[in-house]
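Visitor: The lines below spell out each chain.
There are 4 protein chains.
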Amino acid sequence: MTPAEPTVYVSVIGPGQATGQEREAAEAVGRGLAQAGAVVVCGGLGGVMEAAAKGAREAGGTCVGLLPGRERAAGNPYLTLALPTGLGELRNGLVVAAADALVAIGGSWGTLSEIALALRTGKPVVALDSWRLEPPSARRPGDAPGPVRVATAAEAVAVALRLARSG
Amino acid sequence: MTPAEPTVYVSVIGPGQATGQEREAAEAVGRGLAQAGAVVVCGGLGGVMEAAAKGAREAGGTCVGLLPGRERAAGNPYLTLALPTGLGELRNGLVVAAADALVAIGGSWGTLSEIALALRTGKPVVALDSWRLEPPSARRPGDAPGPVRVATAAEAVAVALRLARSG
Amino acid sequence: MTPAEPTVYVSVIGPGQATGQEREAAEAVGRGLAQAGAVVVCGGLGGVMEAAAKGAREAGGTCVGLLPGRERAAGNPYLTLALPTGLGELRNGLVVAAADALVAIGGSWGTLSEIALALRTGKPVVALDSWRLEPPSARRPGDAPGPVRVATAAEAVAVALRLARSG
Amino acid sequence: MTPAEPTVYVSVIGPGQATGQEREAAEAVGRGLAQAGAVVVCGGLGGVMEAAAKGAREAGGTCVGLLPGRERAAGNPYLTLALPTGLGELRNGLVVAAADALVAIGGSWGTLSEIALALRTGKPVVALDSWRLEPPSARRPGDAPGPVRVATAAEAVAVALRLARSG
Numbered sequence: 000m001t002p003a004e005p006t007v008y009v010s011v012i013g014p015g016q017a018t019g020q021e022r023e024a025a026e027a028v029g030r031g032l033a034q035a036g037a038v039v040v041c042g043g044l045g046g047v048m049e050a051a052a053k054g055a056r057e058a059g060g061t062c063v064g065l066l067p068g069r070e071r072a073a074g075n076p077y078l079t080l081a082l083p084t085g086l087g088e089l090r091n092g093l094v095v096a097a098a099d100a101l102v103a104i105g106g107s108w109g110t111l112s113e114i115a116l117a118l119r120t121g122k123p124v125v126a127l128d129s130w131r132l133e134p135p136s137a138r139r140p141g142d143a144p145g146p147v148r149v150a151t152a153a154e155a156v157a158v159a160l161r162l163a164r165s166g
Numbered sequence: 000m001t002p003a004e005p006t007v008y009v010s011v012i013g014p015g016q017a018t019g020q021e022r023e024a025a026e027a028v029g030r031g032l033a034q035a036g037a038v039v040v041c042g043g044l045g046g047v048m049e050a051a052a053k054g055a056r057e058a059g060g061t062c063v064g065l066l067p068g069r070e071r072a073a074g075n076p077y078l079t080l081a082l083p084t085g086l087g088e089l090r091n092g093l094v095v096a097a098a099d100a101l102v103a104i105g106g107s108w109g110t111l112s113e114i115a116l117a118l119r120t121g122k123p124v125v126a127l128d129s130w131r132l133e134p135p136s137a138r139r140p141g142d143a144p145g146p147v148r149v150a151t152a153a154e155a156v157a158v159a160l161r162l163a164r165s166g
Numbered sequence: 000m001t002p003a004e005p006t007v008y009v010s011v012i013g014p015g016q017a018t019g020q021e022r023e024a025a026e027a028v029g030r031g032l033a034q035a036g037a038v039v040v041c042g043g044l045g046g047v048m049e050a051a052a053k054g055a056r057e058a059g060g061t062c063v064g065l066l067p068g069r070e071r072a073a074g075n076p077y078l079t080l081a082l083p084t085g086l087g088e089l090r091n092g093l094v095v096a097a098a099d100a101l102v103a104i105g106g107s108w109g110t111l112s113e114i115a116l117a118l119r120t121g122k123p124v125v126a127l128d129s130w131r132l133e134p135p136s137a138r139r140p141g142d143a144p145g146p147v148r149v150a151t152a153a154e155a156v157a158v159a160l161r162l163a164r165s166g
Numbered sequence: 000m001t002p003a004e005p006t007v008y009v010s011v012i013g014p015g016q017a018t019g020q021e022r023e024a025a026e027a028v029g030r031g032l033a034q035a036g037a038v039v040v041c042g043g044l045g046g047v048m049e050a051a052a053k054g055a056r057e058a059g060g061t062c063v064g065l066l067p068g069r070e071r072a073a074g075n076p077y078l079t080l081a082l083p084t085g086l087g088e089l090r091n092g093l094v095v096a097a098a099d100a101l102v103a104i105g106g107s108w109g110t111l112s113e114i115a116l117a118l119r120t121g122k123p124v125v126a127l128d129s130w131r132l133e134p135p136s137a138r139r140p141g142d143a144p145g146p147v148r149v150a151t152a153a154e155a156v157a158v159a160l161r162l163a164r165s166g
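Line order of the protein sequences matches chains L, X, W and F. Positions 0 to 166 (numbering that gives the first Met the number 0) are the ones given, in order, by the first sequence. Positions 0 to 166 (numbering that gives the first Met the number 0) are the ones given, in order, by the second sequence. Positions 0 to 166 (numbering that gives the first Met the number 0) are the ones given, in order, by the third sequence. Positions 0 to 166 (numbering that gives the first Met the number 0) are the ones given, in order, by the fourth sequence.
Since the hints were derived computationally from the structure, they do not count as laboratory data. Possibly wrong hints are sitting among the right ones.
Copies of one chain are not kept apart here, so a pair can be met inside one copy or by any two copies together.
Think about it this way: if two alpha-carbon atoms lie no more than 25 Å apart in a straight line, the pair counts; the simulated SDA-like pairs of lysine to any residue are [stated by the list, open to error]:
hint	residue 1	residue 2
1	K53	R69
2	K53	S136
3	K53	V7
4	K53	T6
5	K53	T79
6	K53	A73
7	K53	P144
Work out the full structure: start from the sequences and follow the hints.
Guide: Right, dumping it as structure tokens:
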């Protein structure tokens, strides 16, 4: 309980139906975050969420899954803690609220909702082959900048940790 | 109480700090929706939300505002009904859940979160000068198509009503 | 749009499976609130919720239903506005957040959760044949007082309106 | 990762401003649950929540705090994981949704809202010097029975574990 450096929490977000490449990246990101002592948070289901949890657990780390439904059993088998919320897709907002920074890998509409909500609420987002977003013509001053694009899982981990710690 | 055609609900979403052009478009959309008998739903605050409410009310229609905070007084003065939620930015999910279809005008990160959540949950979105979104390289089969882009407020109203009714 | 006296919102809460006497009381409460110009809010389903909506509508008033699921069609036929939330039982918190005061009629565990959440967040509750609540032995100073018990629907309306207006 | 007996989750609920006796009981309950391998969940703040977390941690266990606000720093220092939700008092519903069973110690209105929501959604509640609840005269058939009253912390732990495991 010696409060050295406080633990940081990084949410890994991405589609529940992921490609092999996306799963590989998510597993590497989960592993890298856990090795650095970060808590990994995710939506608790399959695809990118499961791969990130697998990586974190295999590195001896912690992964929390915030599930959309009411059944704990819906969580993937790699979660350290599986928390049902009963909020449906609105649990995406909890995945954002629990994070100091987020890593987006690939992306479905659900992932995009998390990216946008994170940027709306001032949480940094690191994106690995995720959505490209062009704002409407009249950009409002003071809008948060978009996600930070990175090219590799290692870079995603490094940038996310830096941003999470400087939050 | 003769259940002729059931009432449709259309959420109008967009930034709280809007340009003159965005406000004009939102007012025209609110007016058009109300004239067609649709209930207008919005996030209850200023900018696009206020302009849509103004248009709806001036056409004799109904506009419901779902407010992020706990204070009803934060709602704009044109709302027929102002409902505090206390959910903060997570009330964006309620603006989506209450809608049969959505019209996005301009866009901030908050607006993008609503667009994405709507498409994630199968609600059609009509976009007037809003975000351009390019999915990641590995697009998942079965993903919902993106927002329907339109060029004018009149077109936004017509398309939104058609999509809301065919939902 | 002349802001005379601001509209008050009163939530009528009670079980979805209600006795004839509870339904009668709820209908009278909905009617009385609507006649006084209050907006009636409820959970949108059957029993007490439906009876309150019926009373409000037959008096020419407005009743908003905040539904637990994602389907508008689950709302009872007397709602002026039926808003799906997708939050499941957590929508009880929205029924509380939307209200200036609440009237509880009868009561199930769901009703009790609304009574408690209302008192927790400083909203007055009027109770007509509802739960009797005895606090634990060590009562904390500063706790809100309990619900105001009344004996008739007319008294419930009068007290709720007075408390809602003095909020 | 050998799925022996699955981990159970028990939420410990009670006032943030607690008496010495309530804190002592909460600490003993947190300790007993952790010694049995259960994950302790709480609302993350002071009083009963802090004491339960302290007991769990000192026994080498895990305590998750689901915070009402958006700031992780508001969590008490004994939490293994502190998760901000931004939902305000509606996070009470998450404390319920995450649990297989709940232990209520003492009680404020917030605690009562959790007890009621738990019983509404079929989660067993064990109560140690908490609210006494008398239902309205017309009790609905099929209503869940009330909380299980116990006299000591040890009994609370034993009964909660039994109910959580038989869920």
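Visitor: Which earlier hints turn out false for this structure, listed by number in ascending order?
Guide: 7
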